[in-house]
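*Asks:* Line order of the protein sequences matches chains A and B. All residue numbers for the first sequence refer to my numbering, where the first residue is 1 and numbers rise by one. All residue numbers for the second sequence refer to my numbering, where the first residue is 1 and numbers rise by one.
It is possible that some hints are incorrect.
[Stated by the list, open to error] List time: in silico SDA-like cross-link candidates among lysine to any residue, alpha-carbon distance up to 25 Å: (1) Lys128(A) - Leu152(A); (2) Lys19(B) - Ala144(B); (3) Lys128(A) - Asn208(B); (4) Lys86(A) - Trp425(B); (5) Lys126(A) - Lys19(B); (6) Lys126(A) - Asn208(B); (7) Lys128(A) - Pro151(A); (8) Lys128(A) - Phe192(B); (9) Lys219(A) - Lys128(A); (10) Lys127(A) - Phe192(B); (11) Lys126(A) - Thr207(B); (12) Lys126(A) - Thr106(A); (13) Lys127(A) - Phe12(B); (14) Lys127(A) - Trp425(B); (15) Lys126(A) - Val113(A); (16) Lys21(A) - Trp425(B); (17) Lys126(A) - Gly196(B).
[Claimed, not checked] Among the chain A residues that face chain B by a calculated CB cut under 8 Å, a handful are: (18) Met1; (19) Ala2; (20) Phe3; (21) Leu54; (22) Ala68; (23) Asp71; (24) Gln72; (25) Arg82; (26) Lys86; (27) Leu91; (28) Phe97.
[To be verified] What the simulated footprint calls covered on chain A by chain B, stretch by stretch (three residues with Cβ under 8 Å from a Cβ of chain B suffice, anywhere in the stretch; the number is not a length): (29) 23-29; (30) 73-79; (31) 229-242.
Simulated from the structure, these hints should not be mistaken for laboratory data. Even for Gly, the Cβ is constructed at its ideal location relative to N, Cα and C.
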Amino acid sequence: MAFLELDQVTKFYGSYCANDKITFQVERGRLFGVLGPNGAGKTTLLRMITRILLPDSGAILVEGKPLAREDQHRIGYVPEERGLYKNLTVLDNLRYFGQLKGLSYTDATMRAVQWLERMDASGWEKKKVRELSKGMSQKVQFIASVLHEPPLLVLDEPFSGLDPLNVEVFLNVIAELRVGGTTILFSTHVMEQVEQMCDDIVLINRGRIVESGVLRHVKARYGIRRLELEFEGGGEFLDRIPSVRILERSDHRAAIELSRGIAEAQELIAIALQHTQLRRAECVEPTLREIFIETVRRTQTDEVTA
Amino acid sequence: MSTAWIIARHEFLSRVQTKGFIFSTLLAPLGILLLVAVPIILSQLQVSPERRIAVCDESGYGLAATLVATDSSLFMLTDDPLDTLRAKVLAQELTGYLLIPADGLQRDSVVFFSRGGGGFGIHEALTVAVQDVFRRQRLLAHGADTALIRLAEQRTKIERVKVTAERTERDQTALLTIIGYGLSMVVYTLLFIYGGIVMRSVLEEKTNRIVEILASSARPFDIMLGKITGVGAVGLFQLVLWIALTGATMAIAGSILVSMSGTATQMDALAYYRSQDNDFAALVLQAPSLSVLHVVAFIFFFLSGYVFYSTLFAGIAAAADTEQDIQTLQAPVSIFIVLPILTLPMIMNAPDSTFAAILSLVPMFTPILMVIRIFATDVPWWQIAASIVLMIGSTFGAVWLAGRIYRIGILRYGQRPTFRQILRWIAEG
């Protein structure tokens, strides 16, 4: 049985349909990515999973039972825009949010201190939130969502605005939580992160699922589409090949779109060998970014910002 | 432990520990003390500057001597020629000089020479003294004897006694009305202060997106109710501290007044200040006989008014997106807090009038107007009962209404909704 199951979940704002019959399942202990351009309905979806909003129709099940008010204590949530009390200390913020999730005062305090240490943030307890940098407050926000050790963690755009060092810290902690059995659902429009981390994805556009499944399977479904070449000397020979579609190009590199599969790749490699010293040639699956853009274009939108 | 309780406790503790709360709690009673004590002390100290007025009498009726007898510290007899007096005034040796002309009594007029200025005080003192002396002289001239004059000058005292079923007691209506007025103003101020705190705090949580964290842990209705309860508890706590501190400062002021009056007991001091027509001092010394009803009613009307208005303010803040939106949206609510203040003078004059009774039963006005009426007069029990029922009913109505706006409003960003949209939120609920 799936840990989390969405069945025909639909949400309207007035006459605008933000989520249209969303159906998918999340297995326990998986890292699940919800992708989509801005305004696709990701945040609305996450708000329904955290029971901040209720669906107009359809069902959300946790371990086979309908999502109830009490389940909120088993969910940790980091909203897209960070929310902390600026005039309170880090510890006061964490303690309050921990207590709201059902922890006692002492438990919340103890765990807050432990987590700050774990996130390279020991000694911040007495700092006011207004003194923190963006990356620092994001750490505090994250800690607030995991203090009560929820089996389900929901992160809305968790890495936006983080520097690479901090992203690394977050990725490590998320990996540790996953090993510990936490199911993690997160939304993003930064595709590179998804490729690094995710087990499964759904791709949403205009409130509808346009692609879903295990990340590896999704990529395989799009097949070999791309040839990447690295060579010594100039790439002028490429210009003499008729009807070739070059995707990316620099001095010693080129990525070429394959419309006829492996056979076309063989021909191109043969030509390259005649004109240059070929250092590398590789047929690659499309990046998630390409799948994303293609799918979103196919479902007719012009709001792509990824 | 329910989430509403956790939220209420957090709101209470995080506000009570701020410097702002501690300062305002300590400073307000001090302010009241200064407001009450300073005029009394000043009036007792007689800090009026050294003033000397020379009286030059050309009438020959001995009016100057009588005048000097009324206040020898102010007036002095003089035989100096007018030129000398004039020089002395210019040299600031004299405040001025009063010339009673030979036909002054017949024409009923005197002339006062000074450098000008000196405030109202001197003119008033002069007028009273000269008029008394002239009136007496006229009466004497018409054959009245001193006994008759004393009769004519006697002032009549009106003692006010209140009749109740149990006993007769000194009527404290004036004092109680003043206290009621003060407490109405306190309710008015606190409704705005604490309603404003709720409003700004809801907006802060909305704009900082804290409310999403809260809503992922608690029902929106519990968040709103927890906040209003917590902030209300701060208000009540501050009110109780103010009453206690004001009581303490009044007691201190009272003992200072007793020692300043040169008498031994509070009652003697009270009699002394009454005889001096020092109302302020009398007010401090005279402990008003407040009944339990007064206190309970005041607290009830304050609290119900606070819940009524602060929930509406919470709803407004939830619908707003910026501080400016709040200014626009709150006007239709705030006006109902301000309106009763405008009727206060009228109600103080006639707290029993039908007009006053009807106004005080309108729930929006009840918290302010019932407080003053209960202190200023004996409000019929059925009116109190009706106002309590109406107040509780409309408070529930306000909570219901605001709860619906709050639930939808806190997650809507970007634009200030129109009143039509807010009505739709309420309908959809």
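*Asks:* Taking 25 Å as the top limit, are the C-alpha atoms of Lys126(A) and Thr207(B) close enough?
*Replies:* holds (24 Å)
*Asks:* Tell me if the straight-line CA distance from Lys128(A) to Asn208(B) falls inside 25 Å.
*Replies:* With a Cα-Cα distance of about 15 Å, the restraint between Lys128(A) and Asn208(B) holds, given a limit of 25 Å.
*Asks:* Please verify whether Lys126(A) and Lys19(B) have alpha carbons no more than 25 Å apart.
*Replies:* Status holds; Cα separation ~17 Å.
*Asks:* Does the nearest C-beta of chain B fall within a distance shorter than 8 Å of the C-beta of Phe3(A)?
*Replies:* violated (18 Å)
*Asks:* Can you confirm whether the C-alpha distance between Lys86(A) and Trp425(B) stays at or below 25 Å?
*Replies:* Between Lys86(A) and Trp425(B) the Cα gap is close to 30 Å, so the pair fails against 25 Å, i.e. violated.
*Asks:* So, Asp71(A) near chain B? Judge it on the closest CB pair being under 8 Å.
*Replies:* Hint on Asp71(A): violated, closest Cβ of chain B at ~11 Å, above 8 Å.
*Asks:* Holds or violated: Lys126(A) and Asn208(B), Cα atoms, limit 25 Å.
*Replies:* holds (20 Å)
*Asks:* Using Cβ atoms only, decide whether Phe97(A) comes closer than 8 Å to chain B, and label the hint accordingly.
*Replies:* With Cβ-Cβ at 6 Å, under 8 Å, it holds.
*Asks:* Check whether three or more residues of the segment 229-242 of chain A sit with their beta carbon closer than 8 Å to a beta carbon of chain B.
*Replies:* This one is violated; 0 residues, fewer than the three required, reach chain B with a Cβ under 8 Å.
*Asks:* Would you check the hint for Lys127(A) and Phe192(B), treating anything up to 25 Å between C-alpha atoms as holding?
*Replies:* Answer violated: Lys127(A) to Phe192(B) is near 32 Å, above 25 Å.
*Asks:* Quick check on the hint: Ala2(A) CB to chain B CB, less than 8 Å?
*Replies:* At about 21 Å, which exceeds the 8 Å cut-off, the nearest Cβ of chain B leaves the hint on Ala2(A) violated.
*Asks:* Does the closest beta carbon of chain B sit nearer than 8 Å to the beta carbon of Leu54(A)?
*Replies:* violated (11 Å)
In this structure, the hints that do not hold are numbers 1, 2, 4, 7, 8, 9, 10, 14, 17, 18, 19, 20, 21, 22, 23, 27, 29, 31, in rising order.
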